[in-house]
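Asker: What follows is the residue order along each chain.
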Amino acid sequence: MTEIFLYTLLITAMASFIGYELISKIPQTLHTPLMSGSNAISGITLIAGILIYPNVVDDILLKTIVLIGVSFATMNIVGGFSVTGRILEMFKKND
Amino acid sequence: MTEIFLYTLLITAMASFIGYELISKIPQTLHTPLMSGSNAISGITLIAGILIYPNVVDDILLKTIVLIGVSFATMNIVGGFSVTGRILEMFKKND
Amino acid sequence: MTESLYLISAVLFILALKLFSRPSTAFRANNLAIGGMVLAIISAFNLKFADYDGVFYLVILVSAGLGVVVSNRVQMTQMPELVGIFNGLGGGASGAIAYVELSNSTLVLSDFSVAIFSMTVGVFTFSGSLIAVAKLRGKLNSFNATVINILSGVLLGGVIALLITKIDYSTEYIIILSLLLGISRVVLIGGADMPVVIAFLNSLSGIAAMAAGFIVNSIILIIAGALVGASGIILTLLMCSAMNRTIYQVLKGGFGTTKINNEYAKDPISTSAEDIAIQLSYAESVVIVPGYGMAVAQAQSAVKELTNTLKSKNIGVKFAIHPVAGRMPGHMNVLLAEVDIDYEDMFTLEDINSEFSATDVVLVIGANDVVNPLARTDEDSPIYGMPILDVDMAKQVVVIKRSMSPGYAGIANPLFIEENTKMLFADAKEGLENIVKSFELV
Amino acid sequence: MTESLYLISAVLFILALKLFSRPSTAFRANNLAIGGMVLAIISAFNLKFADYDGVFYLVILVSAGLGVVVSNRVQMTQMPELVGIFNGLGGGASGAIAYVELSNSTLVLSDFSVAIFSMTVGVFTFSGSLIAVAKLRGKLNSFNATVINILSGVLLGGVIALLITKIDYSTEYIIILSLLLGISRVVLIGGADMPVVIAFLNSLSGIAAMAAGFIVNSIILIIAGALVGASGIILTLLMCSAMNRTIYQVLKGGFGTTKINNEYAKDPISTSAEDIAIQLSYAESVVIVPGYGMAVAQAQSAVKELTNTLKSKNIGVKFAIHPVAGRMPGHMNVLLAEVDIDYEDMFTLEDINSEFSATDVVLVIGANDVVNPLARTDEDSPIYGMPILDVDMAKQVVVIKRSMSPGYAGIANPLFIEENTKMLFADAKEGLENIVKSFELV
Ligand SMILES: NC(=O)c1ccc[n+]([C@@H]2O[C@H](COP(=O)([O-])OP(=O)(O)OC[C@H]3O[C@@H](n4cnc5c(N)ncnc54)[C@H](OP(=O)(O)O)[C@@H]3O)[C@@H](O)[C@H]2O)c1
Ligand SMILES: NC(=O)c1ccc[n+]([C@@H]2O[C@H](COP(=O)([O-])OP(=O)(O)OC[C@H]3O[C@@H](n4cnc5c(N)ncnc54)[C@H](OP(=O)(O)O)[C@@H]3O)[C@@H](O)[C@H]2O)c1
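If you're matching them up, the sequences are chains A, B, C and D in order.
Going by our numbering, the first sequence opens with residue 175, and the numbers climb by one from there.
Going by our numbering, the second sequence opens with residue 175, and the numbers climb by one from there.
Going by our numbering, the third sequence opens with residue 513, and the numbers climb by one from there.
Going by our numbering, the fourth sequence opens with residue 513, and the numbers climb by one from there.
Accuracy of the hints is not assured; some may be wrong.
[As the list claims (entries may be wrong)] Under 8 Å between C-beta atoms, here's a sample of chain B residues computed to sit facing chain D:
(1) Gly-223
(2) Leu-225
(3) Phe-265
Hints listed in this document are in silico derivations from the structure and should not be mistaken for laboratory results.
Predicted, not measured: the structure shown is a model, and the values here were computed from it.
Beta carbons are placed, not taken as given, at the ideal position from N, Cα and C, and that holds for glycine.
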């Protein structure tokens with residue numbers, strides 16, 4: 175096990191813990207936007223698509239598949255954040 | 175900046191954040207043992223002493239200084255945890 | 513240098529979750545998360561924008577445009593479906609990326625297994641989510657549970673067998689099997705359990721992204737994936753505990769399919785919109801309990817009108833919101849917020865249950881299971897033990913729904929035939945509008 | 513392999529902090545932290561136990577023994593001093609290790625600066641803590657503020673100048689200057705602000721450990737250091753806000769030294785132990801407010817006896833604990849827990865303040881500033897704005913202290929001359945014992 179792998183494990187554990195702690199504190203009122211917002215974050219796979227795309231441009235099949243992934247992830251991110259924003263705007267008005 | 179250094183920074187930030195979140199939730203009743211307990215943890219410098227001791231055994235001055243550090247840290251750790259345990263025992267009795 | 517932007521990105525995601533804890537700061541939280549995402553994307557390009565061809569940018573642009581259009585068109589009552597669809601897309605993306613990584617022959621074995629894992633989970637999430645959406649829309653019925661259970665077992669066995677015997681060319685098989693597995697698993701679960709399924713799949717899509725992060729060696733994918741994974745799991749467990757069922761019971765499926773004797777011992781007292789208006793005008797405190805029926809009838813504006821009318825007459829109005837009222841957690845809150853009802857007037861089960869006995873009139877709008885007293889009294893009831901809103905403790909109860917038919921759990925609700933309960937049989941929206949109209953005449 | 517044990521160690525430390533949030537699980541939390549520490553130590557040895565000579569193990573053994581002995585002998589009232597001493601040791605350890613690292617010529621510049629930082633902070637913590645302890649014990653008075661402020665400025669300037677001009681052999685100078693700096697800084701601060709100072713120095717000792725972690729490249733040092741750093745900062749800020757002062761105001765020093773006109777407009781009503789016993793026996797609800805005087809008089813057992821007596825007569829007893837009552841946060845809670853008073857009977861300021869108006873008798877035992885109504889009413893008072901326990905709202909107040917002399921803030925307390933207040937001038941322990949005795953006669 176390399177040091178970097180151990181650090182990665184540690185970061186994973188800490189991130190899960192932080193997620194658990196913070197999300198437990200979010201009130202019921204905000205659970206719908208929480209769901210749509212965290213959903214948007216899961217589109218982060220786009221990053222993986224960006225990272226591997228340059229390696230596959232010569233293989234038309236793989237390229238297409240990466241593009242499908244990129245497209246899905248982008249819709250997920252943009253649509254998710256945008257609808258979350260729409261919802262939260264409603265809650266903001268009340269202030 | 176190497177990757178490992180960046181990871182270290184990230185871990186530092188996450189640990190500070192976790193510390194802040196968790197400690198904010200500790201009730202006033204337990205602030206005294208919290209102080210003595212976290213104090214004990216700060217004796218963790220003992221680890222640094224253990225790590226560098228083998229490199230300095232030939233230099234009597236440096237060796238002595240490390241030993242002083244090790245001694246201080248050990249007292250801090252053992253004494254701190256032990257008095258914290260004593261205090262918390264009192265709170266446990268109440269259950 | 514740009515590559516290290518992901519550090520800031522991670523911090524932004526975490527801060528976003530922290531600020532999400534209050535309605536007043538949640539909008540800012542969303543913007544922070546967007547900032548984190550943008551930074552992560554920039555960090556991934558690492559200034560090598562020229563390595564990408566026009567098609568790539570075109571795909572991103574068109575997909576982003578599609579995302580914006582869909583998210584702006586969708587009605588708030590359709591949020592469960594929308595989240596389900598986006599979730600499927602997220603899973604599908606992880607599946608696709610993992611597939612491509614698998615074709616990279618230089619993978620070491622540990623990365624190889626992580627990629628297989630990511631692909632399986634991603635594809636499973638994809639197909640499962642789409643079925644969940646179809647079910648939410650009421651386009652599918654539950655199949656025979658046993659047959660499909662056996663089928664899923666066989667499929668799962670097949671995946672494992674392929675994994676063990678023939679690693680090299682089995683990726684396509686695994687994809688197909690994962691797809692089938694997602695379909696067959698979710699198809700078994702009753703329509704109204706879909707929110708739990710979607711939250712669970714959301715968690716899985718986070719985990720798939722996390723796994724993808726291990727393969728392409730990107731810490732920000734891992735962190736974001738872990739955060740989403742935690743979020744999904746918490747929401748799943750929360751819904752389960754609000755229904756007093758275990759996650760296993762929900763995902764096993766078959767709930768709501770058993771037939772129960774649902775005959776009522778006597779007839780309910782039915783009432784008219786005019787009578788309700790009179791009854792309400794004599795009340796000092798009113799609690800409104802919205803349920804799935806309010807969403808179906810799109811009655812939230814009518815609720816707002818009634819609230820305004822009551823408040824103008826100095827009648828106190830509060831909203832009691834059960835954690836699983838409607839079809840996703842927080843569903844009712846969003847619908848009410850949409851029509852500008854203050855979130856300070858919305859109360860959770862724990863906060864309001866002790867107040868019902870001091871309430872003059874409780875108005876139940878298209879809610880059913882969440883106010884069913886059998887959950888407290890009948891040990892044989894499928895919902896026994898589920899925490900409910902104790903509206904039957906109030907002085908008077910008025911229920912607006914179209915018929916005596918049961919809610920999702922498929923069981924009769926003795927609240928409807930209690931002495932202090934009156935029923936208004938109507939579509940929620942029409943019924944409320946009629947009540948408001950009657951007020952003008954009172 | 514053993515080297516990777518620190519992963520588990522980090523998880524244990526974090527879990528320990530999480531479990532520390534409830535009195536019932538805090539004992540287990542301490543054991544988890546001990547486990548984490550042991551694992552970290554094993555992980556550091558990395559099975560190379562033979563690389564260490566007898567002296568090394570002997571030092572560890574003897575120091576550990578000393579730690580056990582001291583911690584078992586110390587009285588609970590001396591906890592502030594003990595924490596101060598241990599804190600100084602922790603800082604000293606970091607300072608020593610950093611010094612040794614600095615003599616390692618292969619250090620790169622960034623590590624070199626981190627080592628300088630760790631050494632400065634560690635040594636500063638060491639000397640500052642020892643002064644803080646001396647002050648807590650009342651062995652030092654505040655010096656002339658201006659002179660020492662100038663001196664510290666010169667010292668700080670010296671450190672910086674040495675750092676810039678002559679890096680190679682300046683470490684010893686830096687140590688001396690850091691020592692002086694710690695002394696001169698802390699000496700300026702009033703005795704009762706020492707808890708804030710100690711919490712602040714605790715945070716610093718964590719930060720020094722963290723810095724040491726960056727030098728020896730040990731992630732567990734960094735994590736543990738960060739946790740301690742956060743803990744110290746939170747406690748510091750908490751004490752400051754409970755006193756309505758900023759951390760800057762506290763650390764600047766000089767508080768409590770200005771002379772204020774402390775004459776009382778009239779004489780207090782003094783009472784006797786017998787009268788208090790009678791008064792208490794007619795009460796239905798009693799709230800006890802402990803303060804620093806209870807610790808000084810070691811009166812906690814007497815408090816317990818009185819509580820038992822009252823409870824045996826079906827009189828309700830609660831404890832109202834101000835966040836900065838006594839000489840460290842949670843000080844009163846520990847003393848009361850020591851004599852088996854249930855922590856469920858201890859209430860915080862926010863929880864109890866609304867109850868005083870419905871309380872028959874409030875018994876103030878050696879507390880002063882934390883019940884001074886001037887904090888609410890007198891804008892010119894040094895404690896104006898500090899949240900206090902509103903005991904003056906209660907029907908009757910009884911105060912036990914030895915004289916009319918002021919508390920730490922050095923200001924008169926008009927509570928003592930209010931109409932519904934009676935004073936028992938006595939040592940807290942004796943006074944309480946007399947009250948209990950009188951009860952037997954009532
Ligand atoms: N929210 C979540 O996160 C979640 C998650 C998992 C499961 N669930 C389940 O979903 C259910 C939620 O409870 P609930 O009380 O909100 O809903 P419910 O028990 O499903 O009942 C909804 C009621 O609304 C009425 N309705 C439907 N359309 C209407 C219309 N146009 N106008 C007026 N009334 C209408 C229906 O009666 P009529 O047909 O007679 O009108 C029905 O009885 C629970 O069983 C819960 O376990 C929720
Ligand atoms: N706890 C913390 O964390 C913390 C931190 C920073 C600052 N402080 C400061 O410490 C003070 C704490 O307030 P406090 O009300 O607990 O204490 P206080 O205001 O300092 O008053 C203590 C009182 O106890 C009396 N006393 C002393 N020895 C006694 C004995 N043997 N028997 C009976 N009475 C005795 C003294 O009066 P006599 O001499 O007349 O008996 C004195 O007025 C506040 O000013 C606070 O700002 C506390």
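Asker: A separate judgement is required for each hint: does it hold in the structure or not?
Answerer: For each hint, the structure was consulted:
no.	hint	verdict
1	Gly-223	6 Å, holds
2	Leu-225	5 Å, holds
3	Phe-265	4 Å, holds
When each numbered hint is compared with the structure, no violation occurs for any of them.
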